Structure formats: structure tokens, C-alpha cells
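Protein sequences appear in the order of chains A and B. If you count the first sequence from 1, position 85 lands on 85 in the numbering used here, and the numbers rise without skipping. If you count the second sequence from 1, position 123 lands on 123 in the numbering used here, and the numbers rise without skipping.
Worth double-checking, as some hints may not be accurate.
Computed Cβ-Cβ distance ranges for the label pairs, DEER-style [claimed, not checked]: (1) A:Pro248 x B:Val160: 51 to 57 Å; (2) A:Ala94 x B:Ile93: 45 to 51 Å; (3) A:Ser185 x B:Tyr168: 44 to 50 Å; (4) A:Arg212 x B:Ala309: 50 to 56 Å; (5) A:Lys222 x B:Gly176: 46 to 52 Å; (6) B:Ala154 x A:Pro199: 51 to 57 Å; (7) B:Ala309 x A:Gly200: 31 to 37 Å; (8) B:Ile118 x A:Thr112: 47 to 53 Å; (9) B:Arg209 x A:Thr136: 53 to 59 Å.
Listed next, the in silico DSSO-like pairs over lysine-lysine satisfying Cα-Cα at most 30 Å (straight line) [unchecked claim]: (10) A:Lys235 x B:Lys82; (11) A:Lys59 x A:Lys148; (12) A:Lys222 x A:Lys235; (13) A:Lys188 x A:Lys222; (14) A:Lys334 x A:Lys148; (15) A:Lys217 x A:Lys188; (16) A:Lys286 x A:Lys273; (17) A:Lys274 x A:Lys251; (18) B:Lys159 x A:Lys273; (19) B:Lys82 x A:Lys274; (20) A:Lys286 x B:Lys159; (21) A:Lys188 x A:Lys251; (22) A:Lys286 x B:Lys82; (23) A:Lys222 x A:Lys273; (24) A:Lys60 x A:Lys143; (25) A:Lys235 x A:Lys251; (26) A:Lys61 x A:Lys334; (27) B:Lys159 x A:Lys274; (28) B:Lys159 x A:Lys235; (29) A:Lys273 x A:Lys251; (30) A:Lys274 x A:Lys189; (31) A:Lys251 x B:Lys82; (32) A:Lys273 x A:Lys189; (33) A:Lys61 x A:Lys148; (34) A:Lys274 x A:Lys222; (35) A:Lys273 x B:Lys82.
Just so you know, the hints here were simulated from the structure itself, not pulled from any lab data. None of these values were measured; they are calculated from a predicted model. C-beta atoms are modelled at their ideal positions from N, C-alpha and C, and glycine is treated no differently.
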Amino acid sequence: MHNIEKSDERVRSLSRRGLITLAAASAGVLVAGCAQTPRDGGASSAAAPSDPNAASNKKKKNPYKDDIKIAYVAHDLSTPNNQAWLEGIQRECASWSNIDIQSFNGESSAETQTQIMADVINQGFDAVILQCSDGTALAPSVKEAEEKGIPVITLNLDAYTTHSALVMAVDYDAGRMAADKIAESINKKGDVAIIQGVPGLTRTDNLEQGFRDTIGKYPDIKIVDAQSASFEKAKAITVMNSFLQSYPDIKAVFAINDAMAEGAALAAESANKKGQIVIWGADGEKDALAMIESGDMSGTIYTNSWDEGSTAAKIALLMVGSEYSYTVLSETPKVIMEPIVVTAETVSSIAENDRW
Amino acid sequence: MRNLNLSRLSKPIILVAFVVTLAILRPSSFLTISNFANVLWSVSVIGIMVCGTIFVFLLGGIDLSIGTLAGLSAVTVVEVIKNMGATNESVIIGVLAALGVGAAAGVVHGLIITKFDIPAFLVTFASQMVFLGLSMVITNNQIVSAREPVLFTAIGSMKVLGFPLPIYLMLLIAVGSWFVLSKTTFGRGIYAIGGNPVASEISGIQVKRSTVLCYVFSGVTAAIGGIVLAAMTQQGMASTGTGYETQVITAGVIGGVSLLGGVGTVSGCIYGAVLMGLINNALNLLSVPSTQSGLVQGLVIIVAVAFDALQHQDQSRRKARRILGRLGGDKANESPAA
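The shape of chain A in the complex, shown without the other chains (with noise of 0.2 Å):
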């Protein structure tokens, strides 16, 4: 799964388009002419787990009249990233008074949001967003609702059993594009670390990988260390104090999301070597862009978390008012948010409305 080489444009046309093939795949039709994906392709035509031509007995509403209750779930309601997702579903939903969106603070828990899944379930909720702490102590409840007729939208972090659909922001290419950037700025030579978050999410460990397998492609770059700093911003600055010690010739540092490529920012200002090390980060939250614009960071991979978030309370709203059902995928089809490079140079490119 990681090995799949993508074109920036590539990724890129997915994104814009991956909604609509995303209706077709579920939907179960009119796929043959939808040939942007090749995996869709499969999705109506390969072994679906039951009968793809059985008739749905999913009760449709309508979602712009009649009362409707989406539930959102999120890893950790207290992560930028989860609260811009959270604006992006409310933003989507403002015009209709008739739909309720209530979160859910699954407070980096997988058991947590197993109780909140169930309570959800038995509340007749008529959708859920759900980012997954984990997986796969998430996927029987994921599957119990949907089999009682409740769409699961997953958001960047996947469940393991097929749902009606995940959107995500891009993880291993993410990485990929950062490790090229920085060593086109390091001239292709010297040493680099990394700073992880926490080891075992898929998004994190596909960024490193990445992130890894690219740079391992410049022979003269050499990745010297790479620390946790637990996602963590001030746990970042330890960390990027601990490299400058370790290896007073590092070149650059890419950090698995932005709070702790800030944290290294801050320490490298810290250390008298402000903008003399390339850092990059993951993410594109707004104090990450402002580091950028001041000279501080050196470049991060934005993803629009409220367009993100938006595209999600749309296929909710889009399962709710149909029959689509999830027993007639094969697989969870995926929407790929478009990954924006940010640099010094292209950071005024981002309109400040679009800074989560």
C-alpha cells in the first residue's frame, strides 16, 4: 500500500474528483465509465461480501428537511486538526436548521470511543464521523452501525472493516514530498533527523515511511536520529535541544506534524542557528504557516482540514438521502484531500480564510 508512486498531479486530480467516483462506487453503478480510479473499478465488479443485486433496506431521509442527527467522534477534541474538521462539518450544515451535529471528545481512547460509538448506535443517530483511535477496536462497532443502517464516514484515520467512506489527508506521499523538498534545499548532502509522534498510528508511521523510503533514494543524505516528542510541542523543543547536541552539523529536521516542527523552530531560535536548519513539518495548522512566513520554519504539507471536514458532512448527508448502502462495497472507498507544498515562497498563496 505504501509503495504506490503518485504524481504531485496525480494525487492531486484524485482529490478534486474522488467524491464523485466515491457516490458512483458506493451507489454500485455507473462505474465502468469511471475510470480515474482503477480500484473503483473492482469495487462493483469483484466479490462484494453479500449480494451486490439484493435491494438495499436502508431507510432513506431527506437530509435538507427532514430532522437529522450526525454524530462526530473525534480522537481528541483538543487537536487543531479536530476542532477545524468539527468547524468544517458545522460550516457544511449551517444553512439547515433541521440537521444537529453533536461531537463526541474520544479523548485519544479507542475504548472511549467504543462506549461513545455505542451510545451513538442506540441514540439513532442518522450518521457518524468517526477518526479512529484504533482501527481495529473500532471496526465491530463501525460495522454494527452500519449494519443497523448508520453511515461511517471515517476522517483520516481508518477503521478495518469496509464503511462508506474515509477521507483523508495524504500520509506516505505527504512524507515523500517533504523528504524532496528538503533535499533539494540541502543541496542533496548531509544529515537529517526526524521527530515522530507516537508510534503505531497508520497516518504517522506512513508520513515517516515516506518520508524514509524517499530520502533513501539521495545517497548523500543521511538520517541520523529520529526521537518521539509525543505530537508534543514543548516535548519538541527536549528533543531538537538533544539533535543540536548530538550533531551540531544536522542539516535539517522534518517533524511528523507541525506543533512539533514549531517546538524545533523554537528551540533552533534558542540555539542561535534561526533559519540555518531546515525544518519541516506536516499538516499546515495556522501558527505553522505564520513560522513560515516568518523565516522560522522552513516548509510544511497543508491539507484544508475544514474543506476536509466538509467533504465528510456531505457524504454523510449524501448516505443518509439514499439507499447506498455499505453491502455493496468491496472495500471503504477513500477521498484524498489535496496535499498544498507551503513554502516561504508559496505560503501567501494559502487566503487567510483557509488557515485552520
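Once you have looked at the hints, place chain B on chain A.
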């Protein structure tokens, strides 16, 4: 030899052993002033907080709210700065407001605990959630940036003689705490209350008033910790400081604080914080992968604490032997159970 008090030296011995080992393994990167500055910088927030929370520990109480209270203080200071246009005055008002929040939280804790006689564990566990909730409401769960003014960010990172400001703050607060605990009647009273609250009450110590004051100290140092964290990271959010309560309690216990009350010193707490920072620093400098660092960290803490405890045990054995020796008889040769 008999008079050599090893137990007093065991903590310095552990620190020196640690430093020597690391100096041999990583001579170029470890033994530098800037690395020591980094280690102290990384534990300064824990160090600041433990110097206030020790008062609560000595009572036999506990304050689980300090992590989210630090978060609430961080949020308070950055919100004030943001809403007053990032001026120097806003920093002063923001810092005072945050300190006020910390002190008020301490008063409330102390009053609830003394008036209603509810266990501190429950009160501070509940208020932990209240503070987190308040921070979430105030910030609408967003990150509030405070990259300006310099007066604010300097609190977290300005260097004086090569050492960042939070280190000096930690030392200042430690000296203050040490002074109150060992040189004032109030301080010695805290040890007495922790040892035996009923006897203290009878002997004329104002237990309730002292208890409230102890929680105020804990709250204020938590607030200072939160202000420093916010200044260091140039932002404040609801999750700032969460989890610090565990680290602060760990630092205290490593440093010899008894959670039952009555036992513990400020120097011990600072030792605990510094040892934790050194272990972390060692893991980083030795490039221990993150999958293994938790394991190594836990084992090193157990070994260090066991070594320390062993010295104390030896000392109490020797003391017991001496007493028995003075009493005379054959018992002097037996090794009494410690």
C-alpha cells in the same frame, strides 16, 4: 565508617554515577554547559510545580489538578495578551491574572477539603476536569498563539549567562520553598500536621488555615508552571500542561516524598525532577528508539529509587543496632528487621 551517613549522599551518588556514565558514552555532546542548560530547561516546569505541590504532599494530601490548572493559567495569560493587543502591559496583567487563577483555585481546594472534610484526591480529581473544561470553553478549544511581545516569550526562553530564564525561576522558587519549610514555624508545622494532624491541632497549630495555604502554594506554582509553558511554546490551549501532575508526583516520590505526609524535602524534589530530565536526555543522546524508551525509563527509575531506598534502610538498621548496642546484651549482634 559507622558515622558516614550514606543515606544523605545516595542521591548525589546516583546523579554523579549518571553523569559519569553519560560522559563516557557521549563525551562530546553530554558534558557541555549548553546540554546541562537544556536538561535543566526541560525540567524547569516540573521543578517549579513540585516546589509548591510538596506542601500538599507533606500534609499527606495530593493535588491532581495542577496539570490542567497550569493549562487554565496558560490560557488565561495568552487570552489576556491577545485581547489587549500584545502590549507589555498586557503581559504583566496576564501574568497577574494567571497567578490569581492559581491562588483562587488553591483557596477553593483548601476550603472544600477543610470545610467538608472530603478527600483531597476526590476534590482535585474533580477540579482537574473543571479546569480543563473551563480552558476549553474560554479558548473554544482552539490554540491561542502568543508569539509576541518579546517580554512574554522571554519568560520561557531568554538566556541569562547561557541558561534560560525558567531555570532561575525554578531555583528561586525552590529556595523560597526551602526557606518556608525549614526556617519558619508555619513550615515546621506542615511537617507536624502530616505526621499527626490530631496532635498538631491539640498542640495549637492552625491546621485548617495551614492546609488552605498549602493548596494555595500548590495552585500558584502550577500557575507559574503554566505561564512558563505558554511562554516557552508561545501559545496556550486547553491541553497545555495535561499529564504534568503525574510527572510532578513522580519527581516528588523519586525525591523521597512520602505520599502519606510528613516526609520530604525541596532538594529531594528538585533531585527527582533533574534525575527524570537526565534520564530523558540520556535516552535522546543515546538515540534510544521511542518504542524502547518507556521500558528503559521505567527500569532506570526503579534501579535509582531502589538504590536510594537501600541506603536509607541500611541507615535505619545501623541506627537500630546502635540503640540495641547501647542497651547491651546479645541482641546487639543480631540484625533486627528494618
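We went through each hint and held it up to the structure:
1. Evaluation of the 51 to 57 Å hint for Pro248 (chain A) and Val160 (chain B) yields a failure: the beta carbon distance comes to about 23 Å.
2. In this structure the hint that Ala94 (chain A) and Ile93 (chain B) lie 45 to 51 Å apart at CB is violated, the actual value being about 36 Å.
3. Hint check: Ser185 (chain A) to Tyr168 (chain B), Cβ distance near 37 Å, so the stated range 44 to 50 Å is violated.
4. Between Arg212 (chain A) and Ala309 (chain B) the C-beta distance comes to about 43 Å, which lies outside the given range of 50 to 56 Å.
5. Distance hint check: the CB atoms of Lys222 (chain A) and Gly176 (chain B) are about 48 Å apart, consistent with the given range 46 to 52 Å.
6. Distance hint check for Ala154 (chain B) and Pro199 (chain A): the Cβ-Cβ separation is about 35 Å, which falls outside the suggested range of 51 to 57 Å.
7. Taking 31 to 37 Å as the suggested C-beta distance range, the pair Ala309 (chain B) and Gly200 (chain A) conforms, at roughly 34 Å.
8. Separation of Ile118 (chain B) from Thr112 (chain A) is about 26 Å and departs from the stated range, judged on CB atoms against 47 to 53 Å.
9. Against the hinted window of 53 to 59 Å, the Cβ-Cβ separation of Arg209 (chain B) and Thr136 (chain A) comes to about 54 Å, which satisfies the hint.
10. Of the pairs offered as hints, the one joining Lys235 (chain A) and Lys82 (chain B) holds, with about 24 Å between alpha carbons and a cut-off of 30 Å not exceeded.
11. At most 30 Å may separate the alpha-carbon atoms for a hinted pair to count; Lys59 (chain A) and Lys148 (chain A) meet this at roughly 10 Å.
12. Proposed proximity of Lys222 (chain A) and Lys235 (chain A) is supported: the alpha carbons are some 24 Å apart, at most 30 Å.
13. Annotation: proposed proximity of Lys188 (chain A) to Lys222 (chain A) holds, straight-line Cα distance about 10 Å (limit 30 Å).
14. With a C-alpha separation of about 22 Å, the suggested pair Lys334 (chain A) and Lys148 (chain A) falls inside the 30 Å cut-off, and the hint holds.
15. Distance check on the hinted pair: Lys217 (chain A) and Lys188 (chain A) sit about 10 Å apart at the alpha-carbon level, within 30 Å; holds.
16. Taking the CA atoms of Lys286 (chain A) and Lys273 (chain A), the gap is near 23 Å; set against the 30 Å cutoff, the hint holds.
17. Note on Lys274 (chain A) and Lys251 (chain A): the hinted pairing holds, with a Cα-Cα distance of about 12 Å set against a maximum of 30 Å.
18. Straight-line distance between C-alpha atoms of Lys159 (chain B) and Lys273 (chain A) comes to about 14 Å, which keeps the hinted pair within the 30 Å bound.
19. As the CA atoms of Lys82 (chain B) and Lys274 (chain A) are separated by approximately 25 Å, the hinted pair is consistent with the 30 Å bound.
20. For the hint pairing Lys286 (chain A) with Lys159 (chain B), the CA-to-CA distance comes to about 28 Å; that is within 30 Å, so the pair holds.
21. The suggested pairing of Lys188 (chain A) with Lys251 (chain A) holds, with an alpha-carbon distance near 10 Å, which does not exceed 30 Å.
22. Between the alpha carbons of Lys286 (chain A) and Lys82 (chain B) the distance comes to roughly 15 Å, so the proposed pair stays at or under 30 Å and holds.
23. Among the hinted pairs, Lys222 (chain A) with Lys273 (chain A) is consistent with the structure: their alpha-carbon atoms are about 20 Å apart, no more than 30 Å.
24. At most 30 Å may separate the alpha-carbon atoms for a hinted pair to count; Lys60 (chain A) and Lys143 (chain A) meet this at roughly 19 Å.
25. Straight-line distance between C-alpha atoms of Lys235 (chain A) and Lys251 (chain A) comes to about 20 Å, which keeps the hinted pair within the 30 Å bound.
26. Distance check on the hinted pair: Lys61 (chain A) and Lys334 (chain A) sit about 24 Å apart at the alpha-carbon level, within 30 Å; holds.
27. For a cut-off of 30 Å, the pair hint linking Lys159 (chain B) to Lys274 (chain A) stands: about 15 Å separates their Cα positions.
28. Using a Cα cut-off of 30 Å, the hinted pair Lys159 (chain B) and Lys235 (chain A) holds, with the two alpha carbons roughly 19 Å apart.
29. Under the criterion of a C-alpha separation no larger than 30 Å, the hint pairing Lys273 (chain A) with Lys251 (chain A) is consistent with the structure, at around 11 Å.
30. The hinted pair formed by Lys274 (chain A) and Lys189 (chain A) meets the criterion: a straight-line CA distance of about 20 Å does not exceed 30 Å.
31. Of the supplied pair hints, the one linking Lys251 (chain A) and Lys82 (chain B) is violated, its CA atoms being roughly 35 Å apart against a limit of 30 Å.
32. A hinted pair counts as satisfied when its Cα atoms are at most 30 Å apart, and Lys273 (chain A) with Lys189 (chain A) qualifies at roughly 19 Å.
33. As the CA atoms of Lys61 (chain A) and Lys148 (chain A) are separated by approximately 15 Å, the hinted pair is consistent with the 30 Å bound.
34. Restraint check for Lys274 (chain A) and Lys222 (chain A): the C-alpha separation of about 22 Å stays at or below 30 Å, so the hint holds.
35. In summary, the hint linking Lys273 (chain A) to Lys82 (chain B) is supported, as the alpha carbons are separated by about 28 Å, within the 30 Å threshold.
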